[in-house]
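Engineer: Using the sequences and the hints, build the whole thing.
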Amino acid sequence: MKWLSQNWEHVIGLMVNHLLLAIPAIVMSVIIAVPLGRLAQQKPWLGKPLLSFATLMYAVPSLPLLVIIPSVLGLPLRSSATMIVALTLYGVALMVRTAADGFASIDQGTHEAAIAIGHSRRSLFWKVNLPLAIPVLASGVRVVVVSTIALVTIGALLGQSSLGTLLTDGFQRGIVAEVLTGVVLTIVLAVLLDLLVVLAKNLLAPWVRSGRAAV
Amino acid sequence: MDYLLAAFAWLADSSHWTGRSGIPNRLLQHLAVTSVVVSIAAVIALPIGILIGHTHRGSGVVGAIVGAARSIPTLGLLTLFGLGLGIGLRAPILALVVLAMPSLLAGAYAGIETVKPEVTDAARAIGLSEWQIVSRVEIPLSAPVIIGGIRSATLQVVSTATLAAYIADAGLGRFLFTGLKTRDYAQMVGGAIMVITLALILELILAGIQRLARRISHPQLLTTTMKRN
Amino acid sequence: MIEFQRVSKTYPGGFEAVREFSLVIPDRSIFVLVGSSGSGKTTLLRMVNRMIEPTSGRVLIDDEDVRDQDPVQLRRSIGYVLQDGGLMPHRNVLDNVVAVPILNGVSRLVAHGSAKKLLEQVGLTPDLGHRYPAQLSGGQRQRVGVARALAANPTILLMDEPFGAVDPIVRRELQDELKALQAELGKTIVFVTHDVDEAVRLADYMAVLAEHAIIAQVGSPQSILAQPADDFVRDFVGTDSQRVLTVRQVGGRDLAIDATGRPVGVLS
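Residue numbers (the numbering used here), protein chains in the order written: chain A, 1 to 215; chain B, 1 to 229; chain C, 1 to 268.
Calculated directly from the structure, the hints in this document are not laboratory data.
To be clear about the criterion: a stretch of chain A counts as covered by chain C if any three or more of its residues have a C-beta under 8 Å from a C-beta of chain C, and this derived list gives those stretches: (1) 103 to 113; (2) 117 to 129.
Some residues of chain A that are not near chain B, with every Cβ distance over 12 Å (derived): (3) Ser5; (4) Leu39; (5) Ser79; (6) Ala81; (7) Leu196.
Where a beta carbon is used, it is the ideal one built from N, C-alpha and C, also for glycine.
Structural biologist: Written out as structure tokens, the structure is:
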């Protein structure tokens, strides 16, 4: 606590950096994974290899990936772009299967009824399939949020400033309080963002709760 | 791209393949750490997971542990153990054991949990003891899921063992950290390629084993899943 | 007027659902297609709003080939009622009812205004408007389904086994209300069912379908019950067994007795 009270301005700065890396990656992951999941669910010949590739992608260790990406894409080693690309790759790999499951969970009868009353292809996706997939998609986003927030800390090993900096700096200088602060705040950040996703889900999918209440 | 070519040149250089800090030795260290960690974690976590799955008691705890484990930064755990236990292999091995346990626990618990109550009921009715139900019915039926847990735990450990080189002089991660410190990017990227290759090979092997287990324990499932796809 | 002209449908995989089907469905009547499952009746219904395209032949609405129309616009212009309502689980009752007008670009405010009247028309109180489908009973969901089909004021209603998922008492109620609604609004209703009793109760005209949607007999319920065309129809409508009534005098009144000896009514 004493260490934190003396360094809180520095810590807040690191927390902001942490979020600046994590949030774009989370948003990108969702934007990419949802259409890919939809595609995988609609076209199994494409979906099967896609999902296998996602599993394989998730098996790639994070630090080596952070080292490889700059040399493949020609980015500098210490850049937020490298970090965001890597985090997005993991996020997509984590979420694409859940996204496919989300669209597959939609009742076929509802889907057909929507076509029968005259939804166009586009309104079918935006007004029927996407909203109905929200509960499952949200569970996928929660996993992505929590794992991304934790993964950002790895960047500190390459000098990318985030709450992970407290871990490397604290370790090198032998300050347990600093490392502990880093660990606890990373977890707190993950829990807070996770709560935000749950809140958003409840707002966007009110029928899930009231439906259960009726039964 | 230049770094990539340099990295392959570094990997091809025979002088990097001998000695205490050579690639074969580092690879062996990496594999040794991984297998020791997964074995210790499995000996602890699998029986607990199986017990919870069999008795249906404490299932909420498993969910909470697995969820919470995802949010713990692995680097944080490693550095905390490093500070507490000093330089050496003890700290990373303990930290890795802690990190490997949730996946194993979840796999064992979820696997046993999916065995239908009618099946265990029938086993009990024909006179199997509780231990026989676990060893002859539940474990064989849930083997694919339990192996799935071992698969993800192993991959996590292989991956995190790279980070362990940050606090101990062991494993393929050394190439990354030495390369980073001395600005020897060829060594750094070369090490990264080694770790990624190792992880992918392990993933393919373990996925194959899991598929085999599925075929043995649920021969009929295979046809239905194929139809659904 | 809906007209089927030598319509056939063979599904990929070789199942022949409909073979050379021709029929004219007059305006402002309830026309029931009745047949056992697999007789192709639902396939016929779904050809009208192009949910299914025929392999050969034409379907005409007011002498216009449906194939010349945009399928999405066509579907919005025809009311469709499905089993259990086919409601959108993520929309409340009001939004479900006005789904088609909103797809057609009517503002939500205007649409909601007319939705209350529609709910009353199908026997629901407007305060149900803010519930979700999962919070309704089966009968209520079905009524919302009918209200939705009426919302865009179509001249044609297609009903695909709409009352199959509700219990017999509610089904009877819904059938009576549908008849009343039809008398009031004068829609052209094509109704598909496997239940002969339902067909007889609702139909102005009915067609009994055999396999491959081959018409075994078409006509008013009275004429079909009175003069079944062949053994298939006789068997299907059950004039040989449960529908045969005998009269027995008890205490000076004429009781109608069914095949099992149970009294089902009194003759006046």
